[in-house]
Amino acid sequence: DAEITQSPRHKITETGRQVTLACHQTWNHNNMFWYRQDLGHGLRLIHYSYGVHDTNKGEVSDGYSVSRSNTEDLPLTLESAASSQTSVYFCASSGRAGATFYNEQFFGPGTRLTVL
Amino acid sequence: SQQGEEDPQALSIQEGENATMNCSYKTSINNLQWYRQNSGRGLVHLILIRSNEREKHSGRLRVTLDTSKKSSSLLITASRAADTASYFCATDHGYSTLTFGKGTMLLVSP
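Protein chains in written order, with this note's numbering: chain A, 1 to 116; chain B, 1 to 110.
So here's chain A without its partners, still in its complex pose (with noise of 0.2 Å):
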């Protein structure tokens, strides 16, 4: 079955250390999206892709960049770890595989991030 897998699911860093979180997924959807959700915020677009090379940055991007070079992933990198993006992540794709409405998104487990 398709999925939408995050790795890793928990991670402990120190401050100003680069972070990558990756997100991987075989809807072989075009769009991916990557979210934080922190606690009386909800769920935060840090940054979106519409296919192969495209990126574009969400409400929240300051410190945090992607690169897209294939269909199935979009790693999320933190250049220079902060403790204010300690939270939790969220990757989520869309498309037409497996949807019944075209912006319906999957979303993967989550990966929860410390930043000490």
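Here are the in silico distance ranges between beta carbons for each label pair:
| no. | chain 1 | residue 1 | chain 2 | residue 2 | range |
| --- | --- | --- | --- | --- | --- |
| 1 | A | Ala82 | B | Glu15 | 36 to 46 Å |
| 2 | B | Ala81 | A | Thr100 | 21 to 31 Å |
| 3 | B | Thr64 | A | Asn70 | 39 to 49 Å |
A short list of chain B residues far from chain A (calculated; beta carbon distances all over 10 Å):
| no. | residue |
| --- | --- |
| 4 | Ile13 |
| 5 | Asn18 |
| 6 | His57 |
| 7 | Lys70 |
| 8 | Ser71 |
Some but not every residue of chain A turned toward chain B, in silico, with C-beta under 10 Å:
| no. | residue |
| --- | --- |
| 9 | Leu45 |
| 10 | Glu59 |
| 11 | Cys91 |
| 12 | Thr100 |
| 13 | Phe101 |
The hints are simulated quantities; they were obtained by calculation from the structure and are not laboratory data. A virtual CB, placed ideally from N, CA and C, is assigned to each residue, including glycine.
Given the structure of chain A, go ahead and fit chain B onto it with the hints provided.
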């Protein structure tokens, strides 16, 4: 921000009762979606209602949309303990991205 707002923030009911949660948004939409999130998991799509629709049903779920008031409601009938989760509305403003609200935490007690 175009972010939707769910109301109430938390809701506690008994099994068998109906649960109603509301969502308000600020700018015009193409469609509105509801998602469920079980503790420690990713979100799961429940139902979508287009801007030209007023009501939609799916199993025990009923969604209404009032574009004049920029609001939507999600009704879960005959709630079960397994319905315990957080529920989010998400609005599509025409850019292929979704704007999520802060969610309603629903607790259904046996």
